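Novice: The whole structure should be built from the sequences, with the hints applied where relevant.
Taken in sequence, the protein lines are chains U and B.
For the first sequence, this note's numbering gives the first residue as 65, with consecutive numbering after it.
For the second sequence, this note's numbering gives the first residue as 11, with consecutive numbering after it.
Possibly wrong hints are sitting among the right ones.
[Unchecked claim] Estimated spans, in silico, between C-beta atoms of each pair:
(1) B:27 x U:115: 41 to 51 Å
(2) U:84 x B:107: 29 to 39 Å
(3) U:71 x B:64: 39 to 49 Å
(4) U:72 x B:90: 33 to 43 Å
(5) U:128 x B:26: 41 to 51 Å
(6) U:84 x B:56: 26 to 36 Å
(7) U:127 x B:106: 27 to 37 Å
(8) B:28 x U:127: 42 to 52 Å
(9) B:107 x U:160: 18 to 28 Å
(10) U:77 x B:20: 30 to 40 Å
(11) B:68 x U:128: 42 to 52 Å
(12) B:20 x U:130: 20 to 30 Å
[What the hints assert, rightly or not] Sample of chain B residues at the chain U side, in silico, Cβ under 10 Å:
(13) 73
(14) 94
(15) 105
Quick caveat, the hints were computed from the structure, so don't treat them as lab data.
Bear in mind the structure is a predicted one, so any value in this text is a computation, not a measurement.
Just so it is clear, CB atoms sit at the ideal spot from N, CA and C, and this is done for glycine as well.
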Amino acid sequence: GAGVSQTPSNKVTEKGKYVELRCDPISGHTALYWYRQSLGQGPEFLIYFQGTGAADDSGLPNDRFFAVRPEGSVSTLKIQRTERGDSAVYLCASSLTGTSTDTQYFGPGTRLTVL
Amino acid sequence: AQSVTQLGSHVSVSEGALVLLRCNYSSSVPPYLFWYVQYPNQGLQLLLKYTTGATLVKGINGFEAEFKKSETSFHLTKPSAHMSDAAEYFCAVSDEAARQLTFGSGTQLTVLP
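Specialist: Now the structure itself:
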């Protein structure tokens, strides 16, 4: 079956612009996670959805970052007024039930470059 | 708060040699521990995980890891390295309250012919 997909695979934007990153989870997975991976680092948690609601958004760095999952499937991560420090690979993962022991399946990521 | 330390950002082994990638964690509650592998331009793939029960966990591609509570460690091993094992490996921790994963900074494994 299809895995987690993310679009676009690469996004180049200018400082101050708005960007949207999309994640399509595995069909039937109720939980969806966003992580950010900077060069040479491990992924860092941003936000976690259970169904349509954000169950934990404690990892969002500031109010320029926002994410939605309106129908409990596809999710969009939105970044306003982008800064050069936002450049990173943004990873999406999904899991079947969202329990702590459940395996998270990762997409290939979106590489965001802010010039 | 949880944290993960991976000793050695780069590890090189010869083909056929033992692979040992180190992971130590910090957690105030019983942890759940994971090892993921990342190949270039691919998503993270789960190698193995420890949740409860047997402390020696076997995963895919011949890898295994042992949870040692007294040492707060979860080191990853493979008896004989293969060229295809060259990749970046990440150790991660969660617990019953924290559904998200906390990752270490990763170890790049190089396999020499």
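Novice: Would you mind marking each hint as holding or not holding in the structure?
Specialist: Okay, the hints, checked on the actual structure:
The hint said 41 to 51 Å for the Cβ distance between residue 27 (chain B) and residue 115 (chain U), and at roughly 47 Å that hint holds. Look at residue 84 (chain U) against residue 107 (chain B): about 31 Å separates their beta carbons, and that is inside 29 to 39 Å. For the pair residue 71 (chain U) and residue 64 (chain B), the beta carbons lie near 40 Å from each other, so the given range of 39 to 49 Å is met. Against the hinted window of 33 to 43 Å, the Cβ-Cβ separation of residue 72 (chain U) and residue 90 (chain B) comes to about 40 Å, which satisfies the hint.
In this structure, residue 128 (chain U) and residue 26 (chain B) meet the distance hint of 41 to 51 Å, their C-beta atoms being roughly 50 Å apart. Between residue 84 (chain U) and residue 56 (chain B), the C-beta spacing of about 28 Å keeps the proposed range 26 to 36 Å intact. For residue 127 (chain U) paired with residue 106 (chain B), a C-beta distance near 30 Å keeps the hint of 27 to 37 Å intact. Against the hinted window of 42 to 52 Å, the Cβ-Cβ separation of residue 28 (chain B) and residue 127 (chain U) comes to about 49 Å, which satisfies the hint.
With their beta carbons about 19 Å apart, residue 107 (chain B) and residue 160 (chain U) fall inside the hinted range of 18 to 28 Å. A hinted range of 30 to 40 Å for the beta carbons of residue 77 (chain U) and residue 20 (chain B) is consistent with their spacing of about 32 Å. The given range of 42 to 52 Å is respected by residue 68 (chain B) and residue 128 (chain U), whose C-beta atoms sit roughly 43 Å from each other. For the pair residue 20 (chain B) and residue 130 (chain U), the beta carbons lie near 37 Å from each other, so the given range of 20 to 30 Å is not met.
Taking 10 Å as the C-beta contact cut-off toward chain U, the hint placing residue 73 (chain B) at the interface is violated, the least distance being around 15 Å. Violation of the interface hint for residue 94 (chain B) is found here, the shortest Cβ-Cβ separation to chain U being roughly 19 Å, above the 10 Å cut-off. Interface restraint check for residue 105 (chain B): the shortest CB-CB distance to chain U comes to about 6 Å, inside 10 Å, so the restraint holds.
Against the hints set out earlier in the document, violations occur for numbers 12, 13, 14.
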